[in-house]
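Chains as they are written, first to last, in the working numbering: chain U, 1 to 271; chain L, 1 to 286.
Any given hint could turn out to be false.
Stated by the list, open to error - Covered by chain U, according to a simulated footprint, are these stretches of chain L (three or more residues, beta-carbon under 8 Å):
#	stretch
1	89 to 101
2	190 to 199
Said to hold, decoys possible - Among the chain U residues that face chain L by a calculated CB cut under 10 Å, a handful are:
#	residue
3	Arg68
4	Glu171
5	Ser175
6	Glu178
7	Ala185
8	Gln189
9	Tyr193
Simulated from the structure, these hints should not be mistaken for lab results. For each residue, glycine too, the CB sits at the ideal point set by N, CA and C.
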Amino acid sequence: MPVRQLDGRPVWQRRTTRRQWAIWAGWFAGVVLFVWCWELMTSRTIWAFVWDAPRQAADIGSRMLPPRWSYIDKLLWPLWDTLNIATLGTLLGIIIAVPVAFLAARNTTPSALFLRPVALFIIVASRSINSLIWALLLVSMIGPGLLAGIIAIGLRSIGFVGKLLYEAIEEIDESQVEAVRATGASGAQVLDYGIVPQILPAFAGISVFRWDINIRESTILGLVGAGGIGLQLQASLNTLAWPQVTMILLLVLGTVLVSEWVSAKVRHAVI
Amino acid sequence: MLRLETLAKRYKTGDHALKGVSLEVGRGQIVGLIGPSGAGKSTLIRCINRLVEPTGGKVFLGDLDLTAMGGADLRRARRRIGMIFQEYALVERLTVMENVLSGRLGYVPFWRSFLRRYPQADVDKAFALLERVGLAEHADKRADELSGGQRQRVGIARALEQDPELLLIDEPTASLDPKTSRQIMRLIREICEEQSLPAVINIHDVLLAKMFVDRIIGLTAGEVVFDGPPGELDDAVLTRIYGAEDWTAMQTAAAEDAEDAAVAHGAHGRHAGEGERSEERLAGLA
């Protein structure tokens, strides 16, 4: 009750007194937690290493420069592999995610009791496992190479695309769907005319955004043997070939910049 | 033509929206459904084509019992009932032509609608209807580029593209200005007369209803409390439908509004630009 009587006049406050105290208590608990975590962190850190960090960083930095430009000859092919992993993986993810999203959206699911929970579980399961871990599992299952990378990226993308897409489906304007249904349209026609046009911009935006993320993720999949430029990165790290590492990082940076630019352009064009 | 027998609807929330409504609408008759918000007007209209599932009673279209149908039969019945909506309910991101052609969805197989390969007869009809509602040059525009009045014309064309035997019209003018409202109502009236189409129009503007319909049904709390020609709709009846209010003052004010609109319209006509031509042509028909 933020409004109470004081000297016969109504007084308005943003919160009740009890609520205000609860908020103060919340802040206090937050401060206590922070202090406790700080204690824990400092007592378990070997400070000699930390104080030494700037010197170590300078040392590695000096070894990394200049980049070994000529190494690029050996990187272009793995880079192409990386782009393929990202693109094919995104496609695979989208193909599976679209039906899953329609099953998961409250307004399009054919069965809220059974299929919707199943679809939501698929989405959560896919999202909770990082693509690097998917790749680890898949490399041990189907062997090292591009295929493991593509499937790992695809599996991880199902959850991302599925979740954002089903939220977009739940937010559509139902009156347009109702109008299409009123013409005597069949279920597939209602989907095609009433729902798809409304989610198409969201769908394009989500897909390109995920492709952009996947380019970044696929650059490290090679670390666990799933193909692409990450293999080169791991080899260079293992042999302490720092100038090569710099070259790879620069190339990844350039690729990510380009992919971000492309995805921004595409999203701008469809929305 | 259309017959309702003790139609009832009780929502899951316990809301008793319709309490046994019975009425009959003959060929070519335009019925205005008036009543306060929450009286069940929208529910009544949607129970007829079963966008809302009635919980009791029957709906007959000709000899067909709509309430007994399911699946494909229901879809075939729905395509005979054109519907026009309050907020137009066009598919905003599709073109005007696609929206009008969507009136044929109940007639064409999925692959045709998916590939937008409608039979030429349907396309011809769509062009003729766009011409009729004065939007011929807008066929290729996206629906969200049009003004409110233009969108409602697309809505009308879509409903007519169905070759309907009955029109259900839900608050056609609620989002439109007074002048456009009159033009839209006039257009609906003309089209119904041309094709002797019966129509049930849900309308909250009593004066507009009196001007354009043949028969008025007053609905209050899910029950019919008045059924008669617009001429019999006097202050006593309005009080019965809506509760006490100074009806005479309201009607005077509204009449002045109408005059203002007419004056504004006259001034407007003299400087009509290119884009306004269609509106003017329609006004000229009246």
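Hint check results:
| no. | hint | result |
| --- | --- | --- |
| 1 | 89 to 101 | holds (count 7) |
| 2 | 190 to 199 | violated (count 0) |
| 3 | Arg68 | violated (51 Å) |
| 4 | Glu171 | violated (14 Å) |
| 5 | Ser175 | holds (4 Å) |
| 6 | Glu178 | holds (6 Å) |
| 7 | Ala185 | holds (4 Å) |
| 8 | Gln189 | holds (5 Å) |
| 9 | Tyr193 | holds (5 Å) |
Figure legend: structure checked against the earlier numbered hints; hints not met, in rising order: 2, 3 and 4.
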